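Number of protein chains: 2
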Amino acid sequence: MKTITLAHGNGGELMQELIKDIIYYYCGNDILLQQDDAAYLPEVEGELVTTTDSFVVDPIFFPGGDIGKLAVCGTVNDLAVNGAHPLYLTLGLILEEGLEIDKLKRIIKSVAETARKAGVKIAAGDTKVVPQGKGGGIYINTTGLGVVGPDINLQDAKIETGDKIIISGSIGDHGAAILASREEFEVSSALTSDCALLNNLTAQILSSSGGIKFLTDPTRGGLATALHEIAQQKQVTINLEEEILPIKKEVQGLGGILGIDPLYLASEGRVLCVAAAEEAEAVVNAMKDSPIGTGTAVIGEVTGDKSRVCLTTNLGGTRILRPLQKQLLPRLC
Amino acid sequence: MKTITLAHGNGGELMQELIKDIIYYYCGNDILLQQDDAAYLPEVEGELVTTTDSFVVDPIFFPGGDIGKLAVCGTVNDLAVNGAHPLYLTLGLILEEGLEIDKLKRIIKSVAETARKAGVKIAAGDTKVVPQGKGGGIYINTTGLGVVGPDINLQDAKIETGDKIIISGSIGDHGAAILASREEFEVSSALTSDCALLNNLTAQILSSSGGIKFLTDPTRGGLATALHEIAQQKQVTINLEEEILPIKKEVQGLGGILGIDPLYLASEGRVLCVAAAEEAEAVVNAMKDSPIGTGTAVIGEVTGDKSRVCLTTNLGGTRILRPLQKQLLPRLC
Numbered sequence: 001m002k003t004i005t006l007a008h009g010n011g012g013e014l015m016q017e018l019i020k021d022i023i024y025y026y027c028g029n030d031i032l033l034q035q036d037d038a039a040y041l042p043e044v045e046g047e048l049v050t051t052t053d054s055f056v057v058d059p060i061f062f063p064g065g066d067i068g069k070l071a072v073c074g075t076v077n078d079l080a081v082n083g084a085h086p087l088y089l090t091l092g093l094i095l096e097e098g099l100e101i102d103k104l105k106r107i108i109k110s111v112a113e114t115a116r117k118a119g120v121k122i123a124a125g126d127t128k129v130v131p132q133g134k135g136g137g138i139y140i141n142t143t144g145l146g147v148v149g150p151d152i153n154l155q156d157a158k159i160e161t162g163d164k165i166i167i168s169g170s171i172g173d174h175g176a177a178i179l180a181s182r183e184e185f186e187v188s189s190a191l192t193s194d195c196a197l198l199n200n201l202t203a204q205i206l207s208s209s210g211g212i213k214f215l216t217d218p219t220r221g222g223l224a225t226a227l228h229e230i231a232q233q234k235q236v237t238i239n240l241e242e243e244i245l246p247i248k249k250e251v252q253g254l255g256g257i258l259g260i261d262p263l264y265l266a267s268e269g270r271v272l273c274v275a276a277a278e279e280a281e282a283v284v285n286a287m288k289d290s291p292i293g294t295g296t297a298v299i300g301e302v303t304g305d306k307s308r309v310c311l312t313t314n315l316g317g318t319r320i321l322r323p324l325q326k327q328l329l330p331r332l333c
Numbered sequence: 001m002k003t004i005t006l007a008h009g010n011g012g013e014l015m016q017e018l019i020k021d022i023i024y025y026y027c028g029n030d031i032l033l034q035q036d037d038a039a040y041l042p043e044v045e046g047e048l049v050t051t052t053d054s055f056v057v058d059p060i061f062f063p064g065g066d067i068g069k070l071a072v073c074g075t076v077n078d079l080a081v082n083g084a085h086p087l088y089l090t091l092g093l094i095l096e097e098g099l100e101i102d103k104l105k106r107i108i109k110s111v112a113e114t115a116r117k118a119g120v121k122i123a124a125g126d127t128k129v130v131p132q133g134k135g136g137g138i139y140i141n142t143t144g145l146g147v148v149g150p151d152i153n154l155q156d157a158k159i160e161t162g163d164k165i166i167i168s169g170s171i172g173d174h175g176a177a178i179l180a181s182r183e184e185f186e187v188s189s190a191l192t193s194d195c196a197l198l199n200n201l202t203a204q205i206l207s208s209s210g211g212i213k214f215l216t217d218p219t220r221g222g223l224a225t226a227l228h229e230i231a232q233q234k235q236v237t238i239n240l241e242e243e244i245l246p247i248k249k250e251v252q253g254l255g256g257i258l259g260i261d262p263l264y265l266a267s268e269g270r271v272l273c274v275a276a277a278e279e280a281e282a283v284v285n286a287m288k289d290s291p292i293g294t295g296t297a298v299i300g301e302v303t304g305d306k307s308r309v310c311l312t313t314n315l316g317g318t319r320i321l322r323p324l325q326k327q328l329l330p331r332l333c
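Just so you know, the protein sequences line up as chains A and B, in that order. Note that the first sequence covers residues 1 to 333 in full-length UniProt numbering. Note that the second sequence covers residues 1 to 333 in full-length UniProt numbering.
None of these hints come from the bench; they were simulated from the model. It is possible that part of the hints are untrue.
[What the hints assert, rightly or not] As a list, the in silico DSS-like pairs of lysine-lysine whose alpha-carbon atoms are at most 27 angstroms apart: (1) K234/B <-> K306/A; (2) K288/B <-> K117/B; (3) K109/A <-> K2/A; (4) K20/B <-> K20/A; (5) K20/A <-> K288/B.
Since we're looking at a predicted model, the values are computed, not measured.
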C-alpha cells in the first residue's frame with residue numbers, strides 16, 4: 001500500500017510524479033497543462049466573480065460523495081447562487097503524510113468528474129504535504145472564478161413583505177449523513193448526502209423568472225443560519241412553517257438521537273431562494289423541472305422588517321430561531 | 001488567553017464575530033465588505049492570470065516574517081514572475097483549535113500589511129477550524145488574480161545558448177532561517193528569511209528591458225529545482241559557477257551542520273531570471289536599482305540543449321545537479 005510521504009511535497013521528483021500521474025492525469029486540460037507557476041486564462045465576457053472555500057470534512061469519504069466532489073460542488077455552488085456562470089477552479093491540496101495514494105486518486109478522480117459535469121476547468125493547483133498528526137488525511141481549497149451576465153442583478157434586488165421562501169429539496173441531508181458516518185456516534189443509517197452541483201438549476205431559474213430576489217445554498221450552519229444571514233443583511237423578518245418543512249424522517253430521527261436541530265444541519269446540494277410572491281409558482285415549477293429540484297417547496301415567507309427568523313410550529317405557536325452559538329457540528333463541510 | 005474553538009468554524013455567531021473583528025478589521029475593503037458568498041470584481045484590462053498556493057510553514061512565526069506575510073508574498077510573487085500585475089487575493093484559513101487569537105491577529109495584520117504594500121485587495125475569504133491535533137496552528141491558502149499587459153510575452157520567449165542566469169540576491173536564506181528556528185535542531189543563528197514582495201522589481205525590469213526570457217522565484221526545492229524546471233521545460237543545459245554563487249556564510253554553515261545543500265534551500269524574495277547575453281548588464285542594473293535587488297549577480301549561463309543543470313565547482317570540475325529526490329526539507333513554505 002503506497003502512501004504519501006513528506007517528499008511528495010518538497011518540489012522535487014516525487015512531487016512532479018504525483019502531479020503528473022494523478023493531478024494532470026485526471027484533471028488535465030489546456031490551461032492546467034501550461035505548467036507555469038501561474039495560469040493564463042482565455043478572455044472572459046461579463047462581470048468577474050470569485051469565491052474561495054477550504055474543505056476539511058471528516059470522514060473524507062461519505063455516503064453520496066467524498067471531499068473531492070464536495071470541494072468542487074461547494075465552490076461552483078457559491079458562484080452559482082451569486083448568479084455567476086462558473087468557469088475555472090484552482091485546487092489547493094494539503095495532504096497528510098501517510099494518506100494512501102489510492103485514496104488520493106479516488107478523490108482527484110472525483111474532483112475531475114465533478115468539474116467536468118459543472119463545465120469548469122481546473123486552471124491551477126498546488127500540493128503541500130504536512131507531517132502525520134498535523135492534518136486530516138486531506139484538506140482541499142478550491143477557489144472559483146465565474147462571470148455574471150449583464151441581465152442578472154441579484155445584488156440590488158429589494159426583499160419585501162410577502163416574498164416567498166423556497167427550497168429545492170429536503171433539509172440537512174448532508175450534515176446528517178456525515179454525522180451518521182462518524183465512527184464515534186456508532187449509528188447505522190441509510191442517509192445519503194445531498195452533495196450536488198447547483199449551477200444548472202440556478203441558470204435555469206434565473207433565465208426563466210425575473211422574480212428571484214436572493215439565492216443562497218444553506219451549507220455550514222444549515223437553513224436557519226442561511227436565513228439569519230438574509231434577515232440581517234436585508235433587514236427582514238422571515239417566517240417558516242414547521243409543518244411544511246421538507247425534513248426526511250431519518251434526518252429528524254438522527255437529530256433527535258444526537259440532540260441536533262436539523263434546521264442547523266448543512267445541505268450541500270440545495271438552493272434557497274427568495275422570490276416575489278407573484279413569481280413564486282413559476283420559480284417552484286422551474287426548480288421542479290431540474291432533476292435535483294424535484295423536492296422543491298415553499299417553506300415560508302417574508303413577514304416584516306425585524307431582522308429575525310421565526311418558526312410557526314406544528315402546534316401553532318411561534319418560536320424565534322436563534323443564530324448558531326455553541327459548537328454543534330464539527331467539520332461537516 | 002483566548003483561543004480558537006471549533007465553534008469559530010461553525011458558521012454561527014462566533015465565526016461571524018471572528019470575521020468581523022479580525023478579518024474585516026485588518027483586511028476590509030470595498031470588495032471584501034460586500035459580504036456575499038462570492039465577490040463581484042470591477043472590470044479588469046489585460047489577460048487574466050491566476051495561481052494558487054497553500055502555506056503550511058513550521059514555525060508560523062520566523063525571523064523576517066510569518067505565515068501571513070509569506071502567504072501574500074508567495075502568491076503575489078507567482079503572479080509577478082509570470083509578468084502579471086497582481087490585483088486580488090482570496091484568503092482561505094484552516095485554523096487549529098487552540099490557536100491563540102492574538103497570534104491569529106498578528107498573522108492577519110501581517111496579511112493585510114503585505115497585501116497593501118503589494119497593491120492587492122483581499123477579495124474573498126473562508127475560515128475553517130479543525131480539531132486540535134489535526135492542523136499546524138494555521139494553514140493559509142492564497143489564490144491570486146492578476147493581469148498581463150499586451151506588451152509582455154514571456155511564454156513564447158526562446159532560451160538560447162549564451163543566455164545569462166541572473167539572481168536578485170543571496171540563495172536559500174528563507175529555508176535556512178526556517179530550519180534554524182525549528183526547535184528540534186537547537187541551533188542559534190542570526191539568519192533572517194528573505195521573504196519579500198517581488199512585483200515592483202519584476203514590473204521594473206520587464207519595462208526596462210526586452211531581453212528577459214524567463215522569470216521565476218526559487219521557492220520550494222531552491223535554486224537547483226527552479227533551474228531544473230527551466231532546463232526540462234525549455235530543453236537547455238544550464239551551467240552555474242560555484243565561485244560566484246551568492247550564498248551567505250551562515251547559510252553555508254547551517255547547510256554544513258545539517259547536511260543540506262543550500263542550492264536546494266528555498267528563497268521567498270528572490271527573482272531568478274534568464275536574459276539574452278547582450279541585455280544581461282542592463283537587466284542586472286535594473287535589478288540592482290530595486291531595494292531588494294542590491295545583491296543581484298549573474299551566476300551562470302545557458303550552454304547547450306541537454307535538459308540538465310551543471311555546476312562548475314571551485315576546483316574547476318563539473319558536477320551535475322540532480323533533481324531533489326529524498327525529503328530534505330519539510331514545510332519551509
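(request) Give me the numbers of the hints this structure contradicts, sorted from smallest to largest. (result) Per hint list: 1, 4 and 5 violated.
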